[in-house]
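Participant: Line by line, the protein sequences are chains W and H. Following our numbering, the numbering of the first sequence begins with 316 at its first residue and continues without gaps. Following our numbering, the numbering of the second sequence begins with 609 at its first residue and continues without gaps.
The set of hints was computed from the structure by calculation and includes no laboratory data. One should not assume that every hint holds.
So, partial list: chain W residues that the calculated Cβ filter (under 7 Å) puts toward chain H [claimed, not checked]:
no.	residue
1	F327
2	L406
3	A426
4	A431
5	L564
6	Y569
Computed from a predicted model, the values in this text were never measured in an experiment. In this text, a Cβ means the ideal position worked out from N, Cα and C, and glycines have one as well.
Each chain is listed here by its residues.
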Amino acid sequence: MKKRQKKTIILFLAPIFIFAVLFSYYPFARIIINSFSKVNATGFITGFDGLSNYTYVFSRSDFGRAVSNTLLLTLLNVPVTMILALLFALLTEKKSTLGSISEFLFTLPMAISMSAAALIFKSMFSPDLGIINKVFGINTRWFQDPKTSLITVVFLTVWMGIGFNYLLFLYSLRNIPKGVVEAARLDGSRGLGLIMKIKIPLISQTILYTVITNLILAMTCSAPMIIITQGGPSRSTTTLLYMMYSSGLGSSDYGLAAVVSIVCFVLTMLLTVIIFFATRKKVFYR
Amino acid sequence: MIGSKRKSSDIIIEICAFALAVIVVFPVIYCIFAAFKTHSEFMSPALLPESFGNLNNFRNALSQAPLMRYMLNSFIVSFAGSLVRLVFSVLAAYVFAYFDFRGKNVVFFLLLGTMMMPGDILLSTNYSTVSHLGLLNTYTGICIVSFVSASQVFMLRQKFMTVPRSYIDSAKLDGCSDIGIVTKILIPISRSTLITLFTQSFLTLWNSYLWPLIITASKPEYRTIMVGITKLNSWEDSNYELVLAGVTISLIPSLILFVIMHNSFKKAQ
Chain W
316 MKKRQKKTII LFLAPIFIFA VLFSYYPFAR IIINSFSKVN ATGFITGFDG
366 LSNYTYVFSR SDFGRAVSNT LLLTLLNVPV TMILALLFAL LTEKKSTLGS
416 ISEFLFTLPM AISMSAAALI FKSMFSPDLG IINKVFGINT RWFQDPKTSL
466 ITVVFLTVWM GIGFNYLLFL YSLRNIPKGV VEAARLDGSR GLGLIMKIKI
516 PLISQTILYT VITNLILAMT CSAPMIIITQ GGPSRSTTTL LYMMYSSGLG
566 SSDYGLAAVV SIVCFVLTML LTVIIFFATR KKVFYR
Chain H
609 MIGSKRKSSD IIIEICAFAL AVIVVFPVIY CIFAAFKTHS EFMSPALLPE
659 SFGNLNNFRN ALSQAPLMRY MLNSFIVSFA GSLVRLVFSV LAAYVFAYFD
709 FRGKNVVFFL LLGTMMMPGD ILLSTNYSTV SHLGLLNTYT GICIVSFVSA
759 SQVFMLRQKF MTVPRSYIDS AKLDGCSDIG IVTKILIPIS RSTLITLFTQ
809 SFLTLWNSYL WPLIITASKP EYRTIMVGIT KLNSWEDSNY ELVLAGVTIS
859 LIPSLILFVI MHNSFKKAQ
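Chain W on its own, in the form it takes in the complex (with noise of 0.2 Å):
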């Protein structure tokens, strides 16, 4: 009986636990030794190689610009992203006909790839054929000029990033106790007072879930540039991972590769620690 269950533990267990290690750990732990070594264009190791990976990746000039875009996008996506989530959450948590169809809308970018939202946008943002500028009557270059390619990005990052924020909030917001919410009225509590002082820090929790899943979603964009901007114009949306993309698996130098996913990784990790030591004391929960 009991060599029985034990069998059937690991049985079951094997599959999960054989792909996860091939998958996710190996390669982690691979990126990790592949920094410190020679590595050959077929991915074998030839040879330890100390830090020259790292000092070869740090002296490069778009490596500072792309650290900088990085952290740029990821400021302006997950606020940006989660303001207007919130927002439309709060606008359609009381449940009405119209309010469910309004729902559906807002949930409805989380169906759309990334590939088909980049292309929608890069005709909507084209300077000359794009309704963007038509309908505005202007003629910025979006996506092709330097000044104004990164932000582009952005639009298209907080787009992609709406429907499931929305989801979330909508769904802890329904959560919040009505006796909760009745009683903060009754002491006089009303509009922006009962939302700031008693619905948000009531969904603290969820806030601090998505800040944390955006950040990783932003911090490791590549594929708008990968279909939009190819990194520029003038490396002005050459973000880590495309560089990893572009100059690591492109030109099959997987020294450079691992350096720069592990720099992506260590500041989104730095980032995530930061976000929750600020937070520990506001965070409320239930």
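Got chain W sorted already, so can you dock chain H onto it with the hints?
Facilitator: The following block gives chain H in isolation, referenced to the frame of chain W:
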């Protein structure tokens, strides 16, 4: 008095929300409308095409790239990937829900730990693993990295724990094997959860871009649809209505899945 005042403010809020919602979905509407436009219509600022009978863009998009083949590739990869993922999750969730053994918590946290490592960061090393396994440009190569989903295991474990322990114990007394318990009791009971999880992961795999892009870089016939549509773009840069027709084709399955998911969420609520 107060009641009617509250009502009118509610209506204003509802209308504001609806207007904002329309702005949010505007890119999708724009894409679908543009797919029916001729090139000269696309140049004009009008939103609506003259007629929805103009299918030339779809015809051209389908003849420029084997989009139907790409759809089939996407379908195979998303279906197989989601199925394997779900089977792995069910097996693991069963153990985590009903067995006690030494180191159970360690094993569980080891699994949750995979969520800490964003897949895109592991791209370069996963790529060399898959290429050393000889799986570049294969369906297996595309879906092999998505077999593990810790969040799915977590949700299924929660679901399984709601099944009364006595069902499981009496089935065991009757000599039912563990596989039997999973297939005859747990899967039927958690059918709706399983369908939701399957739909979700199908949509995620259908929409994935970066991994299929690098895995199928040297053999275009294995491209998935989401990679395929981006290649419409580089051929004829100004011909956006053709690109958007391709995008519209790729969106049909995504939107159908989304409606299914939306309804199952509604029911769950």
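Participant: Taking the hints in turn, state whether each one holds.
Facilitator: Results for each hint:
Here the hint on F327 of chain W is kept, as its CB sits about 4 Å from the closest CB of chain H, short of 7 Å. Because the smallest distance between the Cβ of L406 of chain W and any Cβ of chain H comes to about 4 Å, under 7 Å, the interface hint for this residue holds. The interface hint given for A426 of chain W holds, since its Cβ lies 3 Å from the closest Cβ of chain H, which is under the 7 Å cut-off. Because the closest C-beta pair between A431 of chain W and chain H is about 5 Å apart, less than 7 Å, the hint holds.
Look at L564 of chain W: its Cβ gets to within about 6 Å of chain H, closer than 7 Å, so that hint holds up. Hint status for Y569 of chain W: holds, given a least beta-carbon distance of 6 Å to chain H, under 7 Å.
This entry satisfies every hint, going by the numbered hints stated previously.
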